[in-house]
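Student: Quick mapping for you: the protein sequence lines, in order, are chains A and B.
Following the working numbering, the numbering of the first sequence begins with 1 at its first residue and continues without gaps.
Following the working numbering, the numbering of the second sequence begins with 1 at its first residue and continues without gaps.
Don't read these hints as lab results, they were simulated from the structure.
Treat the hints with care, since some could be wrong.
Unchecked claim - Derived pair list, reagent style BS3-like, types lysine-lysine, alpha-carbon separation capped at 27 Å:
#1 B/K44 x A/K13
#2 B/K47 x A/K59
#3 A/K57 x B/K47
#4 B/K47 x A/K81
None of these values were measured; they are calculated from a predicted model.
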Amino acid sequence: QVQLQESGPGLVKPSETLSLTCTVSGGSISGYYWSWIRQPPGKGLEWIAYIHDNEKKKKRKSLKSRVTISVETSKNQFSLKLSSVTAADTAVYYCVRQPSDTAAFDIWGQGTMITVSS
Amino acid sequence: QSALTQPASVSGSPGQSITISCTGTSGDVGGYNYVSWYQQHPGKAPKLLIYGVTNRPSGVSNRFSGSKSGNTASLTISGLHTEDEADYYCSSYTSYSTYVVFGGGTKLTVL
């Protein structure tokens, strides 16, 4: 079955760029939509961005200027970069699969905790 | 844009049924049949329970069901089990700038 695994630094300094990668195993990355969703400690879920076959991308408007999303099909991976991070970006970051562009997320990674602190 | 509105908590006894509401606007819940529900146990990733308002993914118990009326969607859990104790989130596609909006979450306690 398809599994997703996030990898990231754990700790990022304020004003730096956060880089996350999601590795998809057990299935192809092609043909699906792939999102990043985050959850600050003790709070709810916030969608960040998606990418589809390296052709279609959509980003949360409030984060658009700081977000870069990309896919590397040959490695079955997709990535997120979030620039100029602040403490408000501290959260668990999930990579997630969407079967289609209907905002339903059917397979989730286990999540990776990212703390922004000096 | 504001999150969808869910009750902060609900509770029930084993075997009972409970319903969690999720209220939005005509720009999200009321305007599209793209409401989803997720279950999240502490320290775990969310799990998709319902998509497209009423559809259950393969492997999800038929004790979970979804519905919608106007701008309010609902998740009903019948025959409560102790393992149903978790946080539940609704979400909807939205015509606003955020693409998808989530509810604030509902903590279900099974007494």
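Student: For each hint, tell me whether it holds in the structure or not.
Tutor: So, going through the hints one by one against the coordinates:
1. B/K44 x A/K13: It holds: about 26 Å lies between the C-alpha atoms, which stays within 27 Å.
2. B/K47 x A/K59: Holds: B/K47 and A/K59 sit about 23 Å apart, inside 27 Å.
3. A/K57 x B/K47: holds (24 Å)
4. B/K47 x A/K81: Judged against 27 Å, a Cα distance of about 25 Å means the pair holds.
In the structure shown, no violation is registered for any of the earlier numbered hints.
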